[in-house]
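Asker: Starting from the known structure of chain A, fit chains B, C and D onto it as the hints suggest.
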Amino acid sequence: MRLDRANIATLSCVLGGAAVLAAMNLLIPAVSPLHVPDFVIAIAGKYLCYAILALAIDLVWGYAGILTLGHAAFFALGGYAMGMYLMREIGARGVYANPTLPDFMVFIGWTHLPWYWYGFSHFWFALAMVVVVPGTLAFVFGWFAFRSRVSGVYLSIITQALTYALMLAFFRNDMGFGGNNGMTDFKDVLGFPLNRESTETGLMLVTATVLSLSFLLARAMIHSRFGKVLIAVRDAEPRTRFLGYRPESYKLVVWTVSAIIAAIGGALYVPQVGIINPSEFAPGNSIEAVIWVAVGGRGTLYGAILGAMLVNLGKTWLTSALPEIWLFAIGGLFIVVTLFLPRGITGLFTTRQPPKGSKQASAATEASMREAAR
Amino acid sequence: MSSEKLIIDRRTLGRLSMGLAAAAATGIDVGAIVPPAKAATAIAATPETGPIKVGILHSLSGTMAISEVPLKDVMLMLIAEQNKRGGVMGRPLEPVVVDPASNWPLFAEKAKQLLSVDKVAAVFGCWTSVSRKSVLPVFEHLNGILLYPVQYEGQECSRNVFYTGAAPNQQAIPAVDYLMNQVGVKRWVLEGTDYVYPRTTNKILEAYLKKKGFGSADIMINYTPFGYSDWQAEVAKIKSFGSAGKKTAVVSTINGDANVPFYKELGNRGIKATDIPVIAFSVGEQELAGIDTKPLVGHLAAWNYFESVDTPANKEVVAAFKKFTNNDKRVFNDPMEAHYIGFNIWVKAVEKAATTNHDAVIDAMIGVAHPNLSGDYATMMPNHHLTKPVLIGEVQENGQFNTVWQTPGLVVAQPWSPYLPESKNLIGDWLPPMSCGSYDVVAGKCLGNHKA
Amino acid sequence: MSEPTLLYLDGVTVSFDGFKALNELSMVLEPGEMRAVIGPNGAGKTTMMDVITGKTRPDQGRIVFGADIDLTKLDEPAIARLGIGRKFQQPTVFETLTVRDNLLLALAGDRSPRFTLWARESADEHAQLDRLLATIRLVQERDRRAAELSHGQKQWLEIGMLLAQDPKLLLIDEPAAGMTDAETAETAELLREINRTRSVVVIDHDMAFVRALGVKITVLDEGCVLAEGSIDAIQDNPHVIEVYLGR
Amino acid sequence: MLWRGVCVCRRRLWFSMLIAALSAAVPTAPAHAGGDPFAQIAATNFDIVAQGVQALATSGNPRAAAVIDALRDGKLYAWKWPRPDAPLYIRSATGFVDARSGAPVEAPAAINLRRVIVNDSVRAAIATAEGALGLFAKDPAARRTAAEALYQSADPGALSLIERALTNEKNAGVAQVLREAAAAALLKSDNGSGSTRIAAVDELATRSDLSARNLLASLHSEPPPVAAAIAGAIHDIDRRLKLWSLVENLYYGVSLGAVLLLAASGLAITFGVMGVINMAHGEMIMTGAYTTFVVQQLVAATMPGLNEFGLLIAVPAAFVVAAGLGIVIERCLIRFLYGRPLETLLATWGLSLVLQQAVRSIFGATNQDVTSPAWMSGSLDVGGLVLTVNRLWIILFALLVLGGLMATLRWGGLGRSIRAVMQNRRMAAVMGIRTPWIDALTFGLGSGIAGMAGVALSQIDNVSPNLGQNYIVDSFIVVVVGGVGNLWGTLFGAVLLGIVDKFVEPFEGAVLAKIIVLVFLILFIQRRPQGLFPLKGRAAEA
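Residue numbers (my numbering), protein chains in the order written: chain A, 13 to 386; chain B, 880 to 1331; chain C, 19 to 265; chain D, 43 to 584.
Next comes chain A alone, as it looks inside the complex (with noise of 0.2 Å):
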C-alpha cells in the first residue's frame, strides 16, 4: 500500500541519509575527496530539528486544519529548557568560574540562582522539562482557543500573539534567561565535549532517530480512527458535532502532542547550533516554518520533512551565493510555489488528491470573513 511506501522510503532517506553522512565524516579521511566536512554534519543536524518542526506543523494544520503561526515559540521553549541544562553544565569552567550561577547571572550581578533554575542540573529532570512545560503552555492554551471555538484566522493571529508576547518576554534580562543574547558558550552534554566532531555526528544521528519516531508517531496517529475524527473535524467541523463528538477535544490532543514534538526538535537544536535566544521566537520564524511545510506539500508529513530540507539548503546556498539579493530568490520560491504548487513539491509526485478539507476549511472562513464585511 501507498502509505507503507511512503513510510519506507521516508525512514530510510531520513536514517540511511544521516547513516552515509556520518560514516562519511568519520571513517574517510579528512584528505580524501569523499569525506564529509564537519560544517556539512552541523548543518544536517540542523536541518533535521527544522525538520522536526515542520513535522509537528504539518500534523495540526495539514490534519486538523489548524494554521498555527506561533509553532516557533513551542520549539524555541524546547530549547530553552535543554539550554538552561547545558548551562548548569558548565559548572565552574564559566568565565567567571562560578561554581553555581551561569555566566550572563553574574554578568547582570546576580547572587544566587533562581528557583527555577533548580533542577536543571540533572539531564532527566531538562529532558522532563522540554516535555512539560511546551505541553503544558499548549494545552493550557487549546484548551481556552478551542473550546471558545476560537478558529480558522483568529486562532492564527492569536498564536502570533503567543509567541512575540514570549519573545518580549524573554528579551528581559529580569526574567533571567539571558535577556536578548540568551544562553551560548555551552561546552558539553552529558559529559561529551559539544565541539568534539563524534559528539556533533552522534547528535545529528539522534536527531535523524528522533525525526523517524515522530515520523512514525504521527503516521501512526492519523491511521487510527482518531486520525479520521480529526480529519473529519478539518472537512467539516459541524458534521463531527452533529455526530456527538467534540472537535475540541481533538483538536487539543493534536495541539498539545504536535507543541511536544516541536519541543523535543528544539530540545536537539541548540547543542547543535550553541545558542538558544530570544529571536528564536521571533512570529517570522513561525511563519517560515509553516512556509516549509506549504512548499513541500501540506498533509503529508514527509512532504514536511522535505520542505524544511530543501528550503533550509536553498538558504544556506543562496546567502553564500548570493548574499546581496538571495531574499528574491527565496521569497520569489514562496509565491511561486503558492501559486503552482497548492499541494507542494510532493505534489508533483503524488497522484492522490489534494487535502481538500483544508481548502473547505479555507472557503469557510472566507466565507465567513465575506459575510462578515456586512
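Incorrect hints may appear among the rest.
[Stated by the list, open to error] From the structure, some residues in chain D lie toward chain A, with a derived Cβ separation under 10 Å:
hint	residue
1	Thr86
2	Leu285
3	Ile319
4	Phe378
5	Leu379
6	Arg382
7	Leu388
8	Thr390
9	Val396
10	Ala416
11	Trp417
12	Val522
13	Leu554
14	Val559
15	Leu560
[Claimed, not checked] Taking lysine-lysine pairs in the DSS-like style, the calculated list, with each CA pair at most 25 Å apart, reads:
hint	chain 1	residue 1	chain 2	residue 2
16	B	Lys1118	B	Lys1173
17	B	Lys1324	A	Lys199
18	D	Lys117	B	Lys1151
19	D	Lys284	B	Lys1151
[As the list claims (entries may be wrong)] Across the chosen pairs, the derived CB separations fall in these ranges:
hint	chain 1	residue 1	chain 2	residue 2	range
20	C	Phe37	A	Ile20	57 to 63 Å
21	A	Met187	C	Phe37	48 to 54 Å
22	B	Pro930	A	Trp329	20 to 26 Å
23	B	Lys1173	D	Asn213	27 to 33 Å
24	A	Leu325	C	Ser33	56 to 62 Å
25	B	Gly1288	D	Gln339	42 to 48 Å
26	A	Gly326	B	Val1321	49 to 55 Å
27	C	Gln78	A	Arg159	35 to 41 Å
28	C	Asp93	A	Phe151	19 to 25 Å
29	A	Gly326	B	Pro930	26 to 32 Å
30	D	Arg476	C	Arg75	39 to 45 Å
It is worth saying that the hints were derived from the structure and are not from the lab.
Please read these numbers as outputs of a predicted model, since none were measured by experiment.
In this text, a Cβ means the ideal position worked out from N, Cα and C, and glycines have one as well.
Answerer: Just chains B, C and D now, kept in the frame of chain A:
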C-alpha cells in the same frame, strides 16, 4: 579627572614591550610555535599559497542590515586597495561575503562555513553582542580569527577575537567625565534599550557615578524594548526628572532604530541640548544620516572617531570610500574606522608572521600599531583590544559631529570592568606567561578561557 | 400534557439583530411520529433545526426532549449523543474519507479521543457497516472517497450516517432537493422505512414529496406555526394559500 | 560642593556680574583677564568664550550683535595660534571683515585660521546674550522671545536690564514674561529683601510649569520664610502636574491608538473586508513612507518654495503609488488565491520579503531622512499638558482617513459595489458589477490607505526597509480585536489597545506593558472569538 584611565600604566607598558618582543620572536620561526596537536585539530588551517581569503560576516538583510551593510562596503574597499598595493606577501586578497541575515544561529553557521569550508585567513564581522556571542564558540573551537569592530560591553576577552571597537572605559566613562567636569551635570538619566550592552554599560556607569559621590536619588535608570517608537511617556519622565533644580543629562545607550523617534520626541517637546543634553554611545554619522538633525543640534555622542576629524589620513580614506561607493551621501563612522585599523593591523601582522596560519597571526597581532584616523596610534594590546583616543562630539546641522572635547592621551581598554565586583580582579593578557583571557590577579590564577 | 411526548418546543424565540427568526414557536412531536415541516423561505425552518440541535441558543422558551431533558442547556455533541441526528440541506459528508470510513465514524459508540486513539474495528462494527452499505445502496462505492460520489449518493451516504448513529429522532432538511424523480421516490420510501424504528422530522418545499410521505404537516410562517394537520387540510387552509400564493 | 559655593562667590566679586549666570554651567573656569571680550571669544576654552559672549553682550559695543550672530552661525574665525592681539574675523559672502571694526580685511591664509566652535555652554551664553540684545527690538514677538530666553537663563546680571525694559514695555503679554524673568533673575541673585523674594516666588508659582519648578528647586540657603514660600510653591506645582499626568497618559494612549489605527485601517479593508491575510501590508506602509521621502526630495529639488508642504503633496502621491502597487499585486497574485486565505498568507509573506529587499537594493539599507515641516514640529502647552504637534496631526489624520474610508464605503459608488461584491458576489455579478475589477479596486483601496499611513509614520519612525515589519503584528491584532470587517471595531480596537498600553506602561515599564497587552488580547479572543463587534445572525455562522 579620571587620570587612572588616561595614562598607560607601567604594567601595561611592560607587557606591551614584551608583546612586541614576543611578536617579533614569533615572526621569525612560525612552524615552531604551532604544536602538532593543534595543527591536527586546527581544522581551519588556511592554505599557504594562492589568494588569501578574507571572510566578511555582516548582515546584509534583516534588522541589522542598516548598520552592517556599510561595514561590508568598507571592507570590500580596503581589500580592493590592498590588492592594488600588491596584496599581502605578494598574494592577492579575496573577500568572501556571506549574509547571516540578522539571524544569530545563522551567524554561527556562516562562521563555521567561512572557517571550515572557505578556510578564510581572518573574518571581519558581527555587530550585536549576541551575534558575537553566537560565533564565539565556533571561532574558539576552529581556532579562527575574528576582528570585531563595534563598541561593546566588555566582560569578554577571547584569544580568537580582536576587539577593534571601544571597551566601556574607552567610551562611556570619559563621556561621563566630560559631562561631570565640563558641563557640571549633577543628575543622571541612564536610558537604554533592554539588552546586554546597555545593561552592562549602565551598571558600570552607576558604580562609577556612585564612586564619584552621586546619590541614587540623582540617578535614574530606564529601559525600553527594541525598536521602541512611542517615546512620549518616557521623554515626559525624563523632563520632570530634569526639573529638580540640578543640571541633568541623559546618557543614552538606546539601540539604533529607537533613536530617531527618541530625538524627534525630544525636539518636539522643546528639550534643547542646552536644557538636558543627551550623550549617546550608539548614535553615529550612520544613524544621523537617517534623521532630520535640526532638533538634535548640540546633543552629544562619545566615540573614538568622527568623520569630521581634521586629519589628512581621514580625509583621504573618507574620500576614497565615497569614491568607491560612488555616492557622496555615504558617511564614515566609528566602527568603519575600527575595521580600517583592524584590517591594517591584521595585514601587518600577517606580513610580520610571514604566514596566514592562525596561531602565528594571533600572536603576531599583539604589539602591532597603526595610525588612528583620529590621530595618534592604535596599538593592539595583549588583551586583544586597541588603544584609542576618546572624542566627545556635538551634533551639527549637517549631520556631522563637532569635536568639543578629547582625552589628552590614549585610553587603554579594560575589557574587565574594575567597577563591577565580579570582574574587578580580572585582566586579559594573551602573552606568555599568562596567555589567559580572564586572569584573576588576586587569586593569581586563570579562570577558564585560556589558551587551548 | 398527559400523553408522553418525544419533543416539546415551548414558546421558543430566536432573534438576530431584532429580526425574529422564531417567534414563540410551540410544537409537540409524539414518539415514533414522522412530521413534515413546510413553509416559505425565511419561515424559520432551518432555525428550528438549529435550536433543536443546539447550534443556536434560543432567547426564550424551552425545548424538552423525552421526559425532562432541556435541550437548550446542552451543546451539539451532547444533544447528538442523546440520539438526535441531523441531516443538512446541502449533503455534508467527509469528502476526503472513504464511504466506509464516513459510516464508521458515525457508528454509535465512544466518541472520546481516549477511545478512538486505540480503537480497532470490531467484527460487530464490520457487520453493521456491511448492513448499512446495503441499506443505502453504496456497496460498490464502499472504498471510494466521498468526494467522488454523485449528489444523490451523498444524500444517501449522509442518511446512512444518521442511521449508523442509531438516533431516536432524525431531523432531515430537504432530502429531496436536487434529486431526480426516481431518487425522490426512493428517498421517500427510505424515510418511511426509517420511520418504522424512529421518529423523523422532515423539512421540505416539494409538495409532491411531502404528499408521498403522507404524514402530519406543520406549516411555519414568520417564525411561528401557521397551520397543522393532514396534507389535504393544509391545502384548503386559506392562510396557507394566502402565504404560499399571496406573494 | 562647599568648595564650589566659595569659588562661585569669589568669581562674583571679581568679574562682571553676568558671569555668575554661567556659574552653574561653568564650575571650573580658570581666572582669565576680564579685559577684552573679543580676546576671550578668541580663546580656545569654551568657558572663556562664554564669558566673552556675556561681556560683549552687556558692553554696549555696537559690533556685539554682529559678532555674536556670526559666532552662532559658525562664521567667526580666529587665529590658529595664540597671538596677543587675538584677531577675530567674520566671514561674509564676499570675504572676511575684522570682527572688532567691521572693516573688510583681505583674507588671511586659511592655514592660519580656525573656526570658533561653540558647545552647549557657549550656546547658552549666546541665548542669554541675544535675550539681552533683543529686549528692545521693535517687534513684540522678538521682545517676547528675548524675555523668554532671559527667563530661562535666570541671569541675575540681566536684572537691571529687565527692569529697564519692564518700565517702557507696553505689550501686556511681554510684560508678564518680563516680570517672570525679573522674578527668576532676582531669586538667582543674592540681593532683594525677604518680601520681594517671596513676591518673586509667587510670581513664578503662577507660571507653575516645570521650568519654574526647576528654578525654585535650585534655590538653597534661603531665609526660612522664603524657603517656606518656595516649598509651598513647589508643592502646588507638583500637585497640579500630578493631576495633569493622568490626562497626559490618556492622551498618550489615544495618540498611540491613532498610530495603530492608521497602520490597521488599510488592513481592515484587505483583510477585514476581503479576507486576504495580507502579510505584505507592512510593506505597503513602507512604500508610502519611501514615497514621502522621494516626494520631499523632488520638491526640494524642483520647487524649494513648497518644501514646507512636501508632506501634503506626499499624501495623495503615497496613496496612488501604494494603491497602484496593490492593484498590480491583486491582479498578478492574490486573485489566483481567493478562497485560500491561508495560501495568500504564505504568498504575501514571500512578497513582503521581495519588497523589502527591493527597497534595500534601490534606496540602500540605511534609514532615509524624511524632514518634519515646521508646522508639524514643536508642542502646545495646554494647562500642565504638553501636546506634541506631530502627534496631534497624526490623531487628526487618522480620524480623517477612517472617516473618508467609511464615507467611501457607505456612499461612494465604488463603496456600494464593494459591499455588494463582498456580501454576495454571484448576485453582484448577475447585476452587472464586474467583480474581478472590484476586487482589484478594493485591494488597491486598502493598499492606498496603508500608503497614506506610511506618510504619517514617516514622521515618527525610521524610514527603513524594516518599517513595515514593526507594524504588521499590531495591525492584525487591532483588526481582530475590533472584529473583522467592522471599521468602527477597528477604531475602538486601536484606541483600546493604545490606552491599555499607555496606562500600564508607567507602572510596569514599556516592555511588560506590551506583553500585558498581548496576553490581554489572547484572553480577550477567548471571551469574544469574533472580536469586539461580532456580526450576529446566520451571516456570521459559516
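Asker: Compare the structure with the hints numbered earlier in the document and write down the numbers of the violated ones, lowest to highest.
Answerer: Numbers 1, 2, 10, 11 and 27, in rising order.
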